[in-house]
Amino acid sequence: MAVDVIVAGGGPVGLMTAALLDAAGISVEVYERNTEPSRQSRGSTVHPRTLEVLTMLDAGDGRRISDVLVAQGKRVRQAHFATLRAKLDYHDLDTPFPFVLMLPQWRTEHALAEYLRTRAVPVHYGADVTDVEQSADEVRIRAAGMSRTARYLVGADGAHSMVRKAASIGFTGDLPTMVGFVADVRLAEHVPGAQYFWNHEAGHASVVPLAEDMTRVFGVEAADTGLTADQVRRRQAEPLTLAELSRVLRAVCGTDFGVHSPSWLSRVSNTTRHAERYRTGRILLVGDAAHVHLPAGGQGLNVGLQDATNLAWKLAAEVHGWAPERLITGEAGYDRERRPVAEGLVASTQAQDALMHNFSRAGAALREMFCGFIERRGEVAAELSAWMSGLGVGYPRPDGAHPLVGAKAPDLALAEGNGTLLRALRPDRFLLLGFTGDADLAGLGSARVQVATAHRHTSGRDRAWETVRAALIRPDGHVAYATESGDGLAEAIAEWTRPDHQPTPARGL
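If you count the sequence shown from 1, position 70 lands on 105 in my numbering, and the numbers rise without skipping.
Incorrect hints may appear among the rest.
[Stated by the list, open to error] Derived Cβ-Cβ restraints for the label pairs, each shown as a range: (1) Q485 / E279: 35 to 43 angstroms; (2) G208 / A450: 22 to 30 angstroms; (3) R152 / G289: 17 to 25 angstroms; (4) H235 / E418: 24 to 32 angstroms; (5) E366 / G289: 52 to 60 angstroms; (6) E149 / Q485: 21 to 29 angstroms; (7) P438 / E149: 34 to 42 angstroms; (8) A246 / E279: 21 to 29 angstroms; (9) H235 / Q107: 20 to 28 angstroms; (10) G523 / G472: 52 to 60 angstroms.
To be clear, the hints were calculated from the coordinates, so they are not data collected in a lab.
Predicted model only: the values in this text are computed from it and were never measured.
Built from N, CA and C at the ideal position, the CB exists for glycine as well.
Using the sequences plus the hints, can you model the full thing?
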């Protein structure tokens with residue numbers, strides 16, 4: 036068999052999947068329908084949790100992929116929810132990245148593609164996957180006129196995923212009711228920071244400076260809401276022009292900011308769809324191939340990259356033969372853990388849809404009410420910040436488990452100058468952290484478990500870290516097991532790193 040995993044789709048999510056699989060010792064190839072890497076900015080908002088998981092990838096010269104991107108992007112301490120005038124403040128979030136990074140998507144793609152190039156991982160451009168056949172022990176594809184086989188296939192090929200269709204996975208959801216606009220342009224007028232405009236008669240528009248003297252402009256005309264699906268399709272078929280964009284900005288904002296030199300003009304809708312399952316046998320879905328929604332707050336790109344992070348280490352464990360059933364079909368499987376996250380993503384974007392696109396006095400009152408919630412900096416603001424940043428996303432905790440199980444671990448400092456937790460994570464092993472300097476933990480180390488001593492975490496809101504004696508951290512940075520007595524560690528490690536039985540040729544969810 037030629038390769039362990041084929042990834043269909045060479046956007047950021049597909050490249051991230053391939054990079055993490057490669058880092059875990061899995062042979063992987065990427066097939067991308069476009070003839071060359073993208074130069075469009077598209078998903079230009081990178082949230083804190085995404086920067087955390089990008090820290091797992093070593094870019095060389097002591098840098099991680101997150102370091103490369105932060106050096107190229109623009110840091111913004113605040114994030115928006117539904118383009119409300121009241122902003123979410125990321126300043127005090129418990130992360131090394133307490134900000135939104137504004138960065139054209141092509142730079143994220145380039146950094147990941149460069150990582151793969153230096154690792155000699157093939158990325159085939161102009162190679163559209165046109166046929167997929169699955170048997171009990173392999174998947175065969177056709178791309179660019181050639182046939183290729185692999186043990187597994189990951190569909191990262193977007194909303195119109197050919198892989199999803201070939202696997203006969205349903206993609207159900209809600210029909211669109213609005214058509215918005217999005218563009219990357221240059222402005223004659225100086226706009227120092229993000230500005231959001233909402234007018235119950237004209238519509239809404241956002242003007243967000245990006246890096247490299249480029250500005251993202253997005254919004255919707257009030258007249259383009261409350262449409263039928265057929266009306267949406269007809270409206271989307273009409274090319275967005277600079278003249279139309281200028282007209283809408285003047286109507287909503289009172290000025291067009293001297294808009295000129297567009298590099299990207301497009302229309303978007305609020306179509307919402309979710310794959311019925313994320314896996315069929317040896318075929319798995321990730322990112323937009325699994326879920327699409329209104330593009331709001333940059334959540335799609337970020338959730339997709341975090342999908343890849345959850346998927347890659349589990350698939351690597353399955354390929355290497357050390358994955359227990361809980362990682363394949365059980366309670367910690369990819370589908371079981373990421374499906375609720377995608378459902379939350381859909382709910383979040385639909386809530387923002389309602390707040391942004393109800394152009395009535397009632398809609399205006401609702402927006403003002405939410406602004407008040409955020410400005411009070413209470414539970415609502417904290418919950419929204421945790422969700423949008425990705426830092427609050429956790430996985431189900433079994434009954435009776437320690438309260439930290441399933442939660443994302445903070446970036447704990449390791450003893451003896453060994454860096455921090457994020458920089459110690461690897462997609463092919465767990466991290467066993469001791470907080471009391473117990474020498475007997477060293478005996479629990481193995482090829483799948485790295486043992487380290489960590490300093491106690493006292494700066495965060497979760498006080499449970501102050502009494503933990505040892506914690507087993509998953510390759511994606513979530514807590515697999517924690518104990519205040521030191522008991523149960525060997526059993527926990529076995530439950531997470533030993534197969535229940537010899538794997539059968541094919542598995543499904």
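Status of each hint after checking the structure:
1. Range check, Q485 to E279: Cβ separation about 56 angstroms, and the 35 to 43 angstroms hint is violated.
2. A beta carbon spacing of about 49 angstroms between G208 and A450 contradicts the range 22 to 30 angstroms that was offered as a hint.
3. One distance hint, 17 to 25 angstroms for the beta-carbon pair R152 and G289, is violated here, with the actual separation near 47 angstroms.
4. Judged by the Cβ atoms, the range 24 to 32 angstroms given for H235 and E418 holds: they are separated by roughly 27 angstroms.
5. Remark: the range hint 52 to 60 angstroms for E366 to G289 is upheld by a beta-carbon distance near 54 angstroms.
6. Between E149 and Q485 the Cβ separation comes to about 27 angstroms, which falls inside the hinted range of 21 to 29 angstroms.
7. As the Cβ distance of P438 to E149 is approximately 40 angstroms, the hint placing it in 34 to 42 angstroms holds.
8. About 26 angstroms separates the C-beta atoms of A246 and E279, a value consistent with the hinted range of 21 to 29 angstroms.
9. Against the hinted window of 20 to 28 angstroms, the Cβ-Cβ separation of H235 and Q107 comes to about 38 angstroms, which falls outside the hint.
10. Between G523 and G472 the beta carbon distance is about 19 angstroms. The supplied range of 52 to 60 angstroms is therefore violated.
Checked against the numbered hints above, the structure violates hints 1, 2, 3, 9, 10; every other hint is satisfied.
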